[in-house]
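Novice: Please work from the sequences and hints to get the whole structure.
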Amino acid sequence: MPAKVRVQTIINGEPQEFLCEPRQSLLECLRDVVGLTGTKEGCNDGNCGACTVMLDDRVVTSCLVLGVEAEGCRITTIEGIAMGSELHPLQRSFLENAALQCGICTPGFIVAAKALLDHDPNPSEEQIRLWLANNLCRCTGYDKIIRAVQQAAAQAQEVRA
Amino acid sequence: MKAQEYSVVGTRPIRHDGADKVTGRALYGADFQMAGLLYGHILRSPHAHARIRRIDTTKAEKLPGVKAVLTAADFPQAPDRLVDLGEGDTPLSYARGNVLASGKALYRGHAVAAVAASSAHIAEEAAGLIEVDYEVLSCALTAPEAMREGAPIIHEDLKTKEFGESTGRVSNVAEHFRHVMGDIEAGFAEAEVVVEREFHTATVHQGYIEPHNATALWNTDGRILIWCSTQGSFVVRDVTACLLDVPVSRVRVTPMEIGGGFGGKIPVYLEPVAALLSKKTGHPVKILMSRKDVFEGTGPTPGSYIKVKIGARKDGHITAAQAYLAYEAGAYPGSMVAPGAMCVFAAYDIANVVIDGFDVVVNKPSTAAYRAPGATNAAFATETVVDEIAEKLGIDPLDLRLKNAAKEGTRRADGPKYRRIGCVEVIEAMKKHPHYAAPLGGPNRGRGVAVGFWFNVGLPSSCTISVNADGTVNLVEGSTDIGGTRTSIAMQAAEVLGIPAEDVRPTVVDTDSVGFTAVTGGSRVTFATGWAAYEAAQDVMRQLKERVAKLWETDAASVTADHGVFRSGDKSMTFRELAAKLDQTGGPVVGSGAVNPRGVGGSFSGNIVDVEVDPETGKVTILRFTAVQDAGRAIHPSYVEGQMQGGSAQGIGWALNEEYYMNRDGTMMNSSLLDYRMPTALDLPMIDTVIVEVPNPGHPFGARGVGEANIIPPPGAIANAIHRAVGVRMRRLPMNPPAVMEAIWSQRD
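Protein chains in written order, with my numbering: chain A, -6 to 154; chain B, -15 to 733.
Hints may contain errors.
Said to hold, decoys possible - Calculated cross-link-like contacts (lysine-lysine; reagent style DSS-like; alpha-carbon spacing at most 27 Å):
1. 376/B <-> 293/B
2. 46/B <-> 264/B
3. 46/B <-> -3/A
4. 555/B <-> 534/B
5. 555/B <-> 603/B
6. 555/B <-> -3/A
Simulated from the structure, these hints should not be mistaken for laboratory data.
Specialist: As structure tokens, this is what we get:
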């Protein structure tokens, strides 16, 4: 069996050290080693977006990143989106807009949408659709997801205004 | 109760499991962990049709970390009998054969052997070391191919049933049935225009984002404990018990959260294998499918060959309709052609009808239900022929449909006579919608319409409700929640109890903890499990009125309840006040409901769609999409809209892109989510919804199931829109760019 490698990261703001086999993906490490199962596996080849996390300031599908590549990186997963016991505005607007049905793609969508709003607080519908085209949802037809992101963006604008 | 008096039904509360699902805390099957867990891997056939001569597991067993290897020979060989697999009876040998192949592999991806090891990687490596000696056989991949004289025979013992009787003839046609109504020849003789067309539709997958998974522990006391993602925990229990030849009471299935199903998570694939691996190793065993496994080894819904012939008078009155439906069952009989035949002309009131259905086995994965299974294929054919008739007669396509629309009292060719239905109301809502009159605004654009019907099912459901001392209640039910049904069920209980939806805490529990509940399918959960909750809540109210009577020393019959307030004479007491007094009046109050409801109300849906066709590439862009559906009574309108939007998106994918792209050897060439092209956010516009409410007289709140009918119209509506945009008739799914270009070129020739 291959020797395990020690990896030091910061996950959701907390230092986190773990041991992994060189062949294990970051997705496997998060789920099976660290125990953060909020990040989901839908395809394991980068095509569905269910395993989307932030690696430093990049949006990545964690199934296409090796665990050892995360050495020294900051990782944000769905478990790190809420602010303590308070939901993030995006999480609230997903609930208010009924933007999920089965919920398996939801963590990936929320992580990706948060990255979008951090990058561009006032995206157009087209920009939201383009940004989220990496994330597949089979339940909703995307309508309510797009509206949830629009609502979260609008509310953030109001707060700023 | 009258509609205007509802205080919970028709509102939009936040779903009860919402916080868990937006924070990553909700536990799906793959998230389940326990000490000592081993990981399983399934070896699958690389051939579409092959005799298995020998399986040698020696090398795999020697790999360090491997704990057990098993094949079909390890299953108890219980004598064959019919078992209910969730949507009807199937021979036990077929269910067992699909879980692990015995004798022959019948499709590429057919499970052949399984390994348990200390890690998923080792299990996968070990599976690669299993040596299987195959004799490769020629294969038949489509219904017309498998029906041909001299086609490779897939089951040597499958004798064709014709009109309910065995013919004694061995062929790939498992069954041929026929529905007849009226006089078809007279009907066509009366017609002034007759259109007959042929259609082909590709095999498509349900495409849920969560792959199948199962964890099983064969405990030392002989109990088998299972945690999995399924549409029917009781189906998993019953099938596992049958296949392993143990009493059902020895099996407990805990349904974890499920990441989509659409019919594809009704069949049982992994659980009995995981259980046997657990028995061999003494450890719990978890098996996860890869995406490729999901495409090659589960689901899909049938590809089909369809002929539809419709005749009408010049005034638009349809006088006769005939259909020939040949559906691919995949490796084992049971292709969803029966529901296809029920739905092919279901939206119309036609006096003279003949429908022939053929259930044909082919060397593809055993097919499963997919949202209104069988109906989408059939409606694609009917709706394009109806459109062609409207065009020939110069009648507006919605007017033609209205003129022939099914209504209360219409009899379908397969037998049933409709009770109150909403077909006319749906078409009228389409006609009235501003979308129908809006300008198209450019060249190569067209607008199409189509309608669809799904009959919905009832089936058994159970529910209990316990009243807490603070006036909240706990509701326990057995329907896997695939799209917000915890809430639509809780709302129906809340309405009866006169308390807010938030005060009902619904939980989906394991098979030891609730009465039998059939699958989450057939658009039945809000209808039937909702009804069980309604009954349980009525039971609670009956008991509470007795408690009130006891407190006030009066007769229970004199106690009334309205919006959570009990009254008798001039006395009154709230639900909450009474809940605090239960201990003094006799102890806890627990209500139960167990139903097998009749009174199912079918649902009609319709689409208006605008497309733009690129004449250089054949790419079809959806510009605008309106979905209309009869919900009877929308319990939670947001989730009704969600069903309509989701079904529409799946229908659009089916229409434009999705297909099992097979080579001649029966290998699916596009078994990844990159190449099996499901719609992304960028492919779709907003999907406008119109909920029509024609209350179902067979349900306490008038609800009709809304999960399925919405997937039926999109292919027909889009084909009709493409015709109006560029003048070509599409009669093959998917209508992808090459197919559209071919149609445009052949029109130019």
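Novice: Against each hint, give a clear statement of whether it holds in the structure.
Specialist: Hints, verified against the model:
| no. | hint | in the structure |
| --- | --- | --- |
| 1 | 376/B <-> 293/B | holds (14 Å) |
| 2 | 46/B <-> 264/B | holds (16 Å) |
| 3 | 46/B <-> -3/A | holds (23 Å) |
| 4 | 555/B <-> 534/B | holds (13 Å) |
| 5 | 555/B <-> 603/B | violated (70 Å) |
| 6 | 555/B <-> -3/A | violated (73 Å) |
Checked against the numbered hints given earlier, the structure breaks hints 5, 6 and satisfies all the rest.
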